[in-house]
Amino acid sequence: MGSRASTLLREEEIEEIKKETGFSHSQITRLYSRFTSLDKGENGTLREDQVNFRGFMRTLAHFRPVEDNEKNKNPPTTEPLNSRTNKLLFAFRLYDLDRDDKISRDELLQVLRMMVGVNISDEQLGSIADRTIQEADQNGDNCISFQEFMKVLEKVDVEQKMSIRFLH
Amino acid sequence: MEEFWAGVFWAMKIWLIMIISLIMIPAMFGFSLGISETYMTILMKTLKDLDSSQMAGFHFDCFCLCVYPSGLILRENGSMEKELGELRRSRPKPPVGGDFTLSDCFYFIRRGIESIVEDEVTQRFTSEELVSWNLLTRTNNNFQYISLKLTLVYGLGIFVRYCILAPLRITLACIGLSWLVIGTTAVGFLPNWRIKFWLSEWVHIICYRICARGLSAAIQYHNRENKPKKGGICVANHTSPIDVVILCNDGGYAMVGQVHGGLMGVLQRAMVRSCPHVWFERSEMKDRHLVTKRLKDHVSDKTKLPILIFPEGTCVNNTSVMMFKKGSFEIGGTIYPVAIKYDPKFGDAFWNSSKYSMVSYLLRMMTSWALVCNVWYLPAMHQQEGEDAVQFANRVKSAIAHQGGLVDLQWDGGLKRAKVKDTFKEQQQKKYSSMVVGDDSSSNSD
Chain A
0 MGSRASTLLR EEEIEEIKKE TGFSHSQITR LYSRFTSLDK GENGTLREDQ
50 VNFRGFMRTL AHFRPVEDNE KNKNPPTTEP LNSRTNKLLF AFRLYDLDRD
100 DKISRDELLQ VLRMMVGVNI SDEQLGSIAD RTIQEADQNG DNCISFQEFM
150 KVLEKVDVEQ KMSIRFLH
Chain B
0 MEEFWAGVFW AMKIWLIMII SLIMIPAMFG FSLGISETYM TILMKTLKDL
50 DSSQMAGFHF DCFCLCVYPS GLILRENGSM EKELGELRRS RPKPPVGGDF
100 TLSDCFYFIR RGIESIVEDE VTQRFTSEEL VSWNLLTRTN NNFQYISLKL
150 TLVYGLGIFV RYCILAPLRI TLACIGLSWL VIGTTAVGFL PNWRIKFWLS
200 EWVHIICYRI CARGLSAAIQ YHNRENKPKK GGICVANHTS PIDVVILCND
250 GGYAMVGQVH GGLMGVLQRA MVRSCPHVWF ERSEMKDRHL VTKRLKDHVS
300 DKTKLPILIF PEGTCVNNTS VMMFKKGSFE IGGTIYPVAI KYDPKFGDAF
350 WNSSKYSMVS YLLRMMTSWA LVCNVWYLPA MHQQEGEDAV QFANRVKSAI
400 AHQGGLVDLQ WDGGLKRAKV KDTFKEQQQK KYSSMVVGDD SSSNSD
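Protein chains in written order, with numbering that gives the first Met the number 0: chain A, 0 to 167; chain B, 0 to 445.
Just to be clear, a hint being listed does not mean it is correct.
Calculated cross-link-like contacts (lysine-lysine; reagent style DSS-like; alpha-carbon spacing at most 25 Å) [unchecked claim]:
no., chain 1, residue 1, chain 2, residue 2
1, B, 228, A, 154
2, B, 229, B, 301
3, A, 160, B, 324
4, A, 150, B, 301
5, B, 228, B, 303
Partial selection, computed: residues in chain A whose CB lies under 8 Å from chain B [said to hold, decoys possible]:
no., residue
6, 27
7, 36
8, 60
9, 92
10, 93
11, 96
12, 114
13, 118
14, 123
15, 138
16, 142
17, 148
18, 151
19, 160
20, 161
21, 164
Just so you know, these hints were derived from the structure itself, not from any lab. Treat the numbers as computed from the prediction; the structure is a model and nothing was measured. Built from N, CA and C at the ideal position, the CB exists for glycine as well.
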């Protein structure tokens with residue numbers, strides 16, 4: 000029941016999440032209802048990756064539109080989660096599967112394979128990966144670092160494309 | 000001590016006599032004493048007053064709830080081609096066909112997160128969110144404390160609902176159901192004269208009317224000239240088992256369903272004694288040909304009552320109509336579509352079968368304010384030349400959704416329990432692949 004869910008989330012927690020992510024009070028309670036309805040096992044985490052509610056909110060915070068930061072009465076002292084850099088970092092980490100701060104050819108191939116399924120052959124996918132790394136790589140290590148990633152995407156309107164309009 | 004029990008019995012006798020005379024007898028003969036109408040008018044006036052007082056006492060959060068649509072996010076539904084095109088705008092267009100860029104992932108990430116936060120299907124299996132509070136605890140999700148007056152009325156509401164209305168309704172429901180069992184069994188003993196049909200219909204309608212009073216149901220029937228006739232098939236959108244009571248208040252139908260044990264089984268066996276319903280054993284349900292044949296036989300006999308079928312196959316929360324299973328549309332009779340729309344202000348009729356058992360659902364129903372709904376009878380439809388069962392089903396579904404003001408969805412209601420098929424993901428992958436290698440590429444493997 001909806002009312003039970005909102006009492007399981009304590010006020011202090013809501014305040015902490017508000018400070019960290021910038022979401023409003025009502026947005027947090029509604030997202031908590033959503034989280035509990037997705038959490039079929041009712042153990043406080045979403046399956047497989049064991050994401051708890053704080054982690055869930057932190058991920059969603061990346062997608063707040065940048066303009067919303069101006070509405071915040073107490074801006075956080077550190078860089079907000081939905082800044083352009085943090086949005087790019089989020090995307091970078093999706094490619095960088097082993098978290099070594101570099102996107103290797105293998106990692107790029109794995110992600111490409113997930114996106115295209117069985118519709119493209121290995122060789123063709125390989126050449127696409129090679130071309131992408133060639134375009135981005137500046138220091139010749141055959142991998143894409145976060146700086147190189149940012150450089151390639153400097154003209155892309157990340158703020159708009161990686162934003163979701165959260166309603167109150 | 001004995002005086003105490005004598006007093007209790009006397010009170011119960013008065014209580015029963017009052018119920019019988021004030022509620023049951025009017026229900027049996029189809030007229031109304033105006034008691035429930037008065038109750039509904041008072042209720043509507045109170046809720047309207049409180050609506051305006053909530054608006055007056057708002058702070059910013061509450062105001063947004065009433066002005067914006069009640070969703071979590073605002074989606075921009077651009078197609079994959081359009082969105083990826085915009086992402087790639089800053090790059091020079093390559094000479095050959097498609098392209099891959101590191102920015103492609105943004106589209107997928109955003110759509111994925113949007114679906115995690117709010118998707119079209121799972122929101123259809125939870126109760127509808129209300130714009131303003133209707134004084135029931137169960138809908139008090141996002142409304143905060145507003146005023147003392149509101150709290151007092153809320154407290155009074157709890158007393159009225161649990162201590163006055165609920166016992167009344169439970170008594171009525173019990174009387175109604177026992178009457179159904181006794182009445183239908185009695186009629187079943189009669190030989191097959193015309194009077195048997197007439198009596199059986201009468202018994203059924205009385206029982207359903209009593210049950211409807213037992214739920215404080217205020218039903219408005221529209222376009223009654225389109226009411227389903229004998230030998231036809233009536234299809235309707237499904238929100239809860241109470242739909243049956245709602246529809247049967249206005250006419251007899253033959254039910255279709257699985258044989259249950261327990262109380263339901265007793266009801267089913269009793270009902271089938273007085274007029275033919277179609278009950279299937281669990282094993283028979285698996286055999287689609289057998290099911291279709293039995294339904295066809297029933298439909299071709301023009302003396303039998305119209306069959307009532309809910310093609311969605313599961314309960315949906317009355318904000319949308321989900322995919323209609325084509326089985327009912329292959330039988331070949333005349334289809335009479337019916338749209339049912341409940342008013343959520345007075346009580347939420349949706350049965351969330353994974354959350355509540357039947358008994359707790361009925362108790363929730365009996366402690367709501369009332370059950371207000373509109374039933375529209377739509378003109379009969381036939382399968383047209385060159386139209387297959389699926390297209391026919393979709394046509395009927397659109398008509399029902401349009402009439403009831405519901406969202407017409409293509410998704411299968413079975414997704415409530417089952418996982419999504421991989422073919423959906425594969426479709427998206429194929430589409431994306433053609434954007435990566437270009438549509439005219441010859442090495443595109445299929």
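Please verify that hint: residue 114(A), Cβ, nearest Cβ of chain B, below 8 Å or not. holds, 6 Å
Quick check on residue 93(A) please, does its C-beta sit within 8 Å of some C-beta on chain B? holds, 6 Å
Interface restraint verdict for residue 118(A) against chain B (beta-carbon cut-off 8 Å): holds, 4 Å
Under 8 Å is the threshold here; is the Cβ of residue 142(A) close enough to any Cβ of chain B for the hint to stand? This interface hint is violated because 13 Å lies over the 8 Å limit.
What's the verdict on residue 229(B) and residue 301(B), does the C-alpha distance respect the 25 Å limit or exceed it? holds, 6 Å
Hint validation: residue 36(A) versus chain B, beta carbon distance must be below 8 Å. Holds or violated? holds, 6 Å
Taking 8 Å as the limit, does the beta-carbon of residue 123(A) come near enough to a beta-carbon in chain B? holds, 6 Å
Restraint check, 8 Å cut-off on beta carbons, for residue 27(A) near chain B: Where the cut-off is 8 Å and the nearest Cβ of chain B is about 11 Å from residue 27(A), the hint is violated.
Would the hint on residue 151(A) stand, with a C-beta cut-off of 8 Å toward chain B? With a closest approach of 6 Å, the residue 151(A) hint holds.
Double-check residue 138(A) for me: the hint is only fine if its C-beta lies closer than 8 Å to a C-beta in chain B. violated, 17 Å
Would the stated hint for residue 96(A) survive a check requiring a Cβ distance to chain B of less than 8 Å? violated, 13 Å
Per-residue hint verdict: residue 164(A), partner chain B, C-beta under 8 Å: OK, holds: residue 164(A) within 8 Å of chain B, min 4 Å.
Hint check: violations occur at hints 1, 3, 4, 6, 8, 9, 11, 15 and 16; the rest are consistent with the structure.
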